[in-house]
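Protein chains: 2
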Amino acid sequence: MLVITDEEIKKHVTMKQCLAAVEEAAKIYRTGNNKQPIRTAMNIDKQNGTMLYMPSYSEEVGYTAVKIVSVFPENRNRGMKSLQSKILLTDAETGAHVALMDASWLTVMRTGAISGVAAKYLAREDTRTCLVIGCGEQARGQIGAALEVRELETVYLYNPTRSKAESLKAYILDELAFNGKVEVVEDPDEKAGDVDMIITATNSVTPVFDGNLIKPGTHISGIGSFKPSMQEVDVNVLKKADKIMCDTFEGCMEEAGDFLIPMEKGEFSEETIEGELADLVLGAVPGREDNDEITFFKSVGFAMADLVTAVEIYRVMKKQ
Amino acid sequence: MLVITDEEIKKHVTMKQCLAAVEEAAKIYRTGNNKQPIRTAMNIDKQNGTMLYMPSYSEEVGYTAVKIVSVFPENRNRGMKSLQSKILLTDAETGAHVALMDASWLTVMRTGAISGVAAKYLAREDTRTCLVIGCGEQARGQIGAALEVRELETVYLYNPTRSKAESLKAYILDELAFNGKVEVVEDPDEKAGDVDMIITATNSVTPVFDGNLIKPGTHISGIGSFKPSMQEVDVNVLKKADKIMCDTFEGCMEEAGDFLIPMEKGEFSEETIEGELADLVLGAVPGREDNDEITFFKSVGFAMADLVTAVEIYRVMKKQ
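Line by line, the protein sequences are chains A and B.
If you're matching positions, the first sequence starts at 1 in the numbering used here and goes up one per residue.
If you're matching positions, the second sequence starts at 1 in the numbering used here and goes up one per residue.
These are calculated hints, taken from the structure and not from any lab test.
Take the hints with a grain of salt, since some may be wrong.
To be verified - Simulated pairs of lysine to aspartate or glutamate, DMTMM-like, Cα-Cα distance not exceeding 20 Å:
(1) B:LYS35 x A:ASP45
(2) A:LYS35 x B:ASP45
(3) A:LYS81 x B:GLU93
(4) A:LYS81 x B:ASP91
(5) B:LYS46 x A:GLU93
(6) A:LYS46 x B:GLU93
(7) A:LYS46 x B:GLU60
(8) B:LYS46 x A:ASP91
(9) A:LYS46 x B:GLU59
(10) B:LYS10 x A:ASP45
(11) B:LYS81 x A:GLU93
(12) B:LYS46 x A:ASP45
(13) A:LYS46 x B:ASP91
(14) B:LYS81 x A:ASP91
Chain A extracted, bound-state conformation (with noise of 0.2 Å):
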């Protein structure tokens, strides 16, 4: 059995493969023979923490994935990550388990990926320009996967702390090679009626910018939010924008505040949302259909995402 670090997922399992797991993902989503069991979920009442425990099997990709997640918040108090996480791959042609591995790393690739995928059928061709609005782990994966799909120029940072902003323009210049302009701002509405792309990577539970502010053609993407009580783009986002599309319907209509606040207040209506991820790759919803269009991505993450990325990296990492 492989045991696979978040070291080694770093330095062999590049972004490309990783946008081209989740755009066979979104596709198995829709067309495939899937499991996705309902999570269980654990409370570890003493330390205030939960395990969660989440399988999903794909019959066309072969294998079966559990990813096993503590979230223990006060570990922050340790100066150690709330969130751990592991998944097993086990082949479903003989039950054989063949790798434990990390998946910190793997969720932000592919949670990165899932912004990828749906920004090159949204985003416009000649994107130069990017906000990111959240300078933690996962804007890491965003940026990288934005990279691949698009030849920006200039990269605008926020974070509350600064500090995590000038931490991100390292790794974008240090780790990715950027060779265009990364700026940190003091504040994104500065930038945001202003760029090509914006994407929100927070937890914050108000807007983090001014939806008035967009320009046609911009795309934004929304991954930061992940809570009913969580929201990131304000309900002039959605209104503005001609397209909006997520990355599953019924993950979204759990989690996603960003839709369910509005929805709550009568602002928005869940009609109004085009389609799914699976829809841009297989052709069932038109991409961006001129230079003009205002599009809205809004993802969760999904199991099919995870398992698929899994199974390429244990098999990037097989042979090494």
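Could you slot chain B onto chain A? The hints should help.
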């Protein structure tokens, strides 16, 4: 994170340690702050296989475990094990995933230890002879535990395929370094009325010996049948027994055909079961009360025994 193989467990973890772990597990099962969500089953239709996910937690023990089992019956045609099992252990204080271990030998050991703890309380102190019916992998743990808790002089082995009994005989003499006599018999009924202890470890759907033969003072341990359709002991064993105990009442009422089949026929009432392993360990139900008592112990296994045994194995292996 430690990765622990069956071979390492075989080499470094003793049955004595497992017996202590199971005794602890029985106590905690009754008195502790535990969680054990309903297990998730995911069918792999194409292979007629099943994936099982079984999480558990004990605040007292301070760890969570999830047992991941793949059951692929068609593996028999491939010369592969049909059941392949792993346990992921997580520190319940920090959520850190600390060990992944093979769970095949662990299951053999903990199932043996469950019977061993029961026998410690229920078998005659002067138990010298033991008949083992069913000589597969599980029997190794059964006899290993019996030898720890009682000073056996003679072990009789029966298996429909004689070579498996011969192989178990070699294991007992060589690996367990047993000094007494080991004899393979052609018919369990030859010895069922003659021994101090009987262990059944089969998947049989029909009783494997004649319960009418049992002599006063015998202790019978049934561990093989684990489905409502399986039955190793006939109703005469239940009728002749002065004390009937089980590992967990809930588990046995779900799975133990030895009880459920005669209950369905109106030949046995669950009220006759005097208690659980925890009752013996905690002294709530007295163990053997005189030398003529016939005692019957039925086990289908319980998650707390897996968890505490896994933690014990982790502690032993950490010191290596």
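Outcome of the hint check:
1. With a C-alpha separation of about 10 Å, the suggested pair LYS35 (chain B) and ASP45 (chain A) falls inside the 20 Å cut-off, and the hint holds.
2. In summary, the hint linking LYS35 (chain A) to ASP45 (chain B) is supported, as the alpha carbons are separated by about 10 Å, within the 20 Å threshold.
3. Distance restraint check for LYS81 (chain A) and GLU93 (chain B): the Cα-Cα separation of roughly 13 Å lies within the 20 Å cut-off, and the hinted pair is therefore satisfied.
4. With a CA separation close to 14 Å, the supplied pair LYS81 (chain A) and ASP91 (chain B) stays within the 20 Å bound.
5. Under the criterion of a C-alpha separation no larger than 20 Å, the hint pairing LYS46 (chain B) with GLU93 (chain A) is consistent with the structure, at around 8 Å.
6. For the suggested pair LYS46 (chain A) and GLU93 (chain B), the alpha carbons sit about 8 Å apart, so the restraint of at most 20 Å is met.
7. Between LYS46 (chain A) and GLU60 (chain B) the alpha-carbon distance is near 11 Å, which keeps this suggested pair within the 20 Å criterion.
8. The hinted pair formed by LYS46 (chain B) and ASP91 (chain A) meets the criterion: a straight-line CA distance of about 12 Å does not exceed 20 Å.
9. Note on LYS46 (chain A) and GLU59 (chain B): the hinted pairing holds, with a Cα-Cα distance of about 8 Å set against a maximum of 20 Å.
10. Straight-line distance between C-alpha atoms of LYS10 (chain B) and ASP45 (chain A) comes to about 35 Å, which puts the hinted pair past the 20 Å bound.
11. For the hint linking LYS81 (chain B) to GLU93 (chain A), the alpha-carbon distance of about 13 Å falls within 20 Å, and the restraint holds.
12. At most 20 Å may separate the alpha-carbon atoms for a hinted pair to count; LYS46 (chain B) and ASP45 (chain A) exceed this at roughly 40 Å.
13. Taking the CA atoms of LYS46 (chain A) and ASP91 (chain B), the gap is near 12 Å; set against the 20 Å cutoff, the hint holds.
14. A distance of roughly 14 Å separates the Cα atoms of LYS81 (chain B) and ASP91 (chain A); the hinted pair therefore holds under the 20 Å criterion.
Of the hints listed earlier, those the structure fails to meet are numbers 10, 12, in rising order.
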